[in-house]
Amino acid sequence: MLNPSSGNTVIKSKLIGRRMFLLTAAKAVVMVGIIGRLVSLQINERTKYKTLSDKNRFREWKLAPERGVIKDFFDKEIASNEQVYQVHLIPENSKDIEKLFVRLKTILNLTDKRLFYLKRVIAKQKPWEPIIVSDNITWSEFSRLNLFLHELEGIKPVVSVARMYPDNSSAHILGYVSQVSAKDLETKKYLKDLHVPGMSIGKTGLERKLDEKIIGKIGFQRYEVNAYGKRVKQIQINAGQAGESYKTTLDFEVQKYTNELLKDKAAAVCVMDVYNGDIVSMVSSPTFEPNEFVHGLEKNYWNSLIKNELRPLTNKTISGLYPPGSTIKTLVALSALENGIIKPLDTFRCKGKIELYGEKFHCWEKDGHGIVNLRKGIQRSCDVYFYEVARKLGVDRLSETAKKFGLGKKVLDGFIEERAGVVPNTKWKKKFIGQNWYLGETLHSGIGQGYFQSTPLQLCLMTAQIANGGFEIKPRIIFDDKNNRLRDYIRYKNENPNDPLPTDLLLSNFELKPLFKNQEHINLIKDAMFSSSNEPGGTSYRHRWENKKFTFAGKTGSSQIKRFTEAQREAEVKQESLPYKDRDHALFVAFAPYNNPQYAISVLVEHGGSGGKAAAPIAKKVIKKVLERHELRKKINSLIGETV
Amino acid sequence: MFRSRSIQSSLSIKDKILSIDYILVISIFILGLISILAMYSTDGGEFKYHTNSHILRFFVFFGMFFVVSFIQIRFWHSQSYLIYILFFILLLGVKYFGLTSSGSKRWLDLYFMNLQPSELMKIGLILFLAKYYHRISIENINQIRYLFLPVVVLISPIILVATQPDLGTSLLIAAGGITVAWLAGVRVKFFAISGFAFLALLPIAISFLKPYQKSRILTFLNPERDPLGAGYQIIQSKIAIGSGGLFGKGFLQGSQSYLDYLPEKHTDFIFTLFSEEFGFFGSLFILLLYALIVWRIIKIGNVTRSNFGKLYCYSFATAFFIYVVVNMMMVLGLLPIVGSPLPIMSYGGSSMMAIMLGLGIAMSCKIYKDTPVN
Chain B
1 MLNPSSGNTV IKSKLIGRRM FLLTAAKAVV MVGIIGRLVS LQINERTKYK
51 TLSDKNRFRE WKLAPERGVI KDFFDKEIAS NEQVYQVHLI PENSKDIEKL
101 FVRLKTILNL TDKRLFYLKR VIAKQKPWEP IIVSDNITWS EFSRLNLFLH
151 ELEGIKPVVS VARMYPDNSS AHILGYVSQV SAKDLETKKY LKDLHVPGMS
201 IGKTGLERKL DEKIIGKIGF QRYEVNAYGK RVKQIQINAG QAGESYKTTL
251 DFEVQKYTNE LLKDKAAAVC VMDVYNGDIV SMVSSPTFEP NEFVHGLEKN
301 YWNSLIKNEL RPLTNKTISG LYPPGSTIKT LVALSALENG IIKPLDTFRC
351 KGKIELYGEK FHCWEKDGHG IVNLRKGIQR SCDVYFYEVA RKLGVDRLSE
401 TAKKFGLGKK VLDGFIEERA GVVPNTKWKK KFIGQNWYLG ETLHSGIGQG
451 YFQSTPLQLC LMTAQIANGG FEIKPRIIFD DKNNRLRDYI RYKNENPNDP
501 LPTDLLLSNF ELKPLFKNQE HINLIKDAMF SSSNEPGGTS YRHRWENKKF
551 TFAGKTGSSQ IKRFTEAQRE AEVKQESLPY KDRDHALFVA FAPYNNPQYA
601 ISVLVEHGGS GGKAAAPIAK KVIKKVLERH ELRKKINSLI GETV
Chain V
1 MFRSRSIQSS LSIKDKILSI DYILVISIFI LGLISILAMY STDGGEFKYH
51 TNSHILRFFV FFGMFFVVSF IQIRFWHSQS YLIYILFFIL LLGVKYFGLT
101 SSGSKRWLDL YFMNLQPSEL MKIGLILFLA KYYHRISIEN INQIRYLFLP
151 VVVLISPIIL VATQPDLGTS LLIAAGGITV AWLAGVRVKF FAISGFAFLA
201 LLPIAISFLK PYQKSRILTF LNPERDPLGA GYQIIQSKIA IGSGGLFGKG
251 FLQGSQSYLD YLPEKHTDFI FTLFSEEFGF FGSLFILLLY ALIVWRIIKI
301 GNVTRSNFGK LYCYSFATAF FIYVVVNMMM VLGLLPIVGS PLPIMSYGGS
351 SMMAIMLGLG IAMSCKIYKD TPVN
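Going line by line, the protein sequences match chains B and V.
First residue of the first sequence? That's 1 in our numbering, and the numbers climb one at a time after it.
First residue of the second sequence? That's 1 in our numbering, and the numbers climb one at a time after it.
Just so you know, these hints were derived from the structure itself, not from any lab.
Be aware that one or more of the hints could be misleading.
Unchecked claim - Which residues of chain V face chain B? A few of them, derived with a C-beta cut under 10 Å, are: (1) Ile-204; (2) Ile-206; (3) Leu-284; (4) Asn-307.
Here a beta-carbon is modelled for each residue, glycine too, at the ideal position from N, C-alpha and C.
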């Protein structure tokens, strides 16, 4: 070797080769490791990461569906929608909520109290659940918000629709909508897949009854967003589906008119078509402002509502329970006639009171009505006459008739606030009070006092079923073009007066259910009611309509709150001089026009005193209003094939 | 034998061209084209700044690669120390005249480009040590006094780079240097001793770490520790790669990068972007190209006669492999984010320049494989 280092070089190169071999082997191992990792990420877990990538990529904003509108009989919207501007926030999209709120405060009018509330809600709920910062901001606030949107991570401006009630006259029957509560989510199954923050649901009235159908289906907007939460493009939009709209049988004009009449009174009015049960009007007074509930109630307003002793939040037409008072006398008389207890011309002598087992039962007329038969008994509303009749009739037979005519059970479907009332009898008392029935209680029941409890709507239904000749009708508030068989029947009877078909067969042909044994009895009651309203001495004679077109037949009633003491009776204390809370409830039921009954009405004025003085004048005005609009209503009814 | 060697030094142009390793050249070129596609995708499917500048750099330095290839290996051998010193001076220059960006001083402003000398030092150190171990005799390799110079040569640039601070690059520089020493035959015990010394010094070293560096290490251990902060990059990168699936989301369809979820997508996370758009098979293809390149350089090491050439090629192949796998393991969540570019693929002139220089010298070893270096 010339080069002394040559051998050295070869040994070295061999050493290098050996060590390189080790390194190469190590490389192969690392390579396998990396491929293994790729397999694990891109093959084994690809679904997981695809989901995560999509979660990164897309943001979905649910859209509250438009609530279906509610219309009156003439297609006027009585619960409609308006466009509102809202601010939503998804907490997880915001990196610093505190900073965001500070920034928001400079843009929107946010109180510290509201911010405190929002923070509390954010702390409670999941970070991806949106929260409504403000659900009804002005257009100028909204445009400012949009201008600064790039600095407001997590904030989303939303154009939405919200419930709007053009008028508060129908607040009770329509009910109101308000934010979904935690309890709603628990109890109402249909909300499960529906819930969008900011969505309102029906809490009472029709809004609640129809909620499931009227609420619609939620939509969504899916956006591709970048890492900074900025929307890059809209990927998909599903507008959802607006809820179903409903047409009701209500007449908005009558509602407004009646509401105005009842202003400042604690009162209720129901008006019903006597043939098909269409509820033309249902007004409870005082009313409240349903629009206040849509965007979160203000505390002051809420307090004013619950502290008001006239109870504006109660729908008195179906939730208010009142003894029917003398209005029940129509049914007492009818029951006695039907059961053959009395004949129309049987008389009793009213000396102002009767005594039973040492207890005194007074007539409202202290001096007595003298000789009283059925017609006069109803006309003058003689209590003694009905004490006598009730005593002979017995409470069980009375309760049977009362129940048949719709008392003691719920009249409508699906109104949670509706109450059934009470029609007492011996069994009922045994069951619910645990005592035997006393004869004295039968006498009280005979004039609609004692355990009797009814709603104004029940009294209206009772009157309607007397007015239509004694046929059962099903009251309804949602417009329906079926169930008009009673009108068909009457037309048929008018056109074929000599039809040889037996009445019961004819009735079953028309699917009608008579509530009488002998229709003559119904006519007797109607005639007696006529005399009560239109003949001198009648309890509502002063408030009659001379005009045949509007003539109504009615029955007054006063339901006692507190029994008069003997001393008060002696001193002839007037209702007006009693403290408000102790005054009788004034009641009046009627149907009109007398010759060709179309509508039944019930009027209640809480603590109004006597029915003739407080309730009848209201009924008189409403009857006129309703009958004036009858032709319009008939036109629509005739479009769907209804006549008379 | 001597004659044939001397003939080698006067190879004809044709011989030189024929002796080029074409597999290596083609692999580099394909990788370059892929890197341009990837860069085009990071620019959102447009020829924008990054793409244009990357194309320019790739072709300029690819040209430089050929120039370097045809320069005699003897030259590279003889100038090794000088090259190292030059790069070291540049590193010192960074310390005093460097540009500061995002808290670290890594660049020199050369008017036509911002040079990152630490990248060049990766090659400089390998060259220096390859020459050093080529020259000393095998008996002396494991003598303490002959270990003194390599340690100084290794430690000095590492300290300079680590204090820029650029932990990732300093570790990668070290990896190259240690590889040469290992290949040259430095005993395992020295590595073990220095390994223990390193571990012993680690707590002290950690106390010198910047808070962000500490955070990165902690985050690597548990990425979900701070999902919006330091762990964000790892999480988003894993999501991007994982969501690519088998075939990827398609060219220009990588939602993660397109929507800015990917950090540093031009540089450190370019593989993530590619992997998201081209999936598992795309990733395998890239891996295959890198493996080809590494394999070809090792092959050159096998055929080159000089120990300098062998040491250089083996070390460079290993270092190149380490750069690749460190970057990939980083974006795959297997290593902490240390900031290391993916050779050729990543945006960055200095890295491209250093890699092309390194590859060129390797190719020179191939062309002049039979030429003695001294």
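Hints and how they fare:
1. A distance limit of 10 Å between C-beta atoms decides the matter here; for Ile-204/V the minimum to chain B is near 29 Å, and the interface restraint is violated.
2. With a cut of 10 Å, the hint placing Ile-206/V at the interface with chain B is violated, because the nearest CB-to-CB distance is about 26 Å.
3. A least Cβ separation of about 7 Å between Leu-284/V and chain B falls short of the 10 Å threshold, and the interface hint therefore holds.
4. With a least beta-carbon distance of about 5 Å to chain B, the hint placing Asn-307/V at the interface is held under the 10 Å criterion.
Of the numbered hints given earlier, the model fails hints 1, 2; all others are met.
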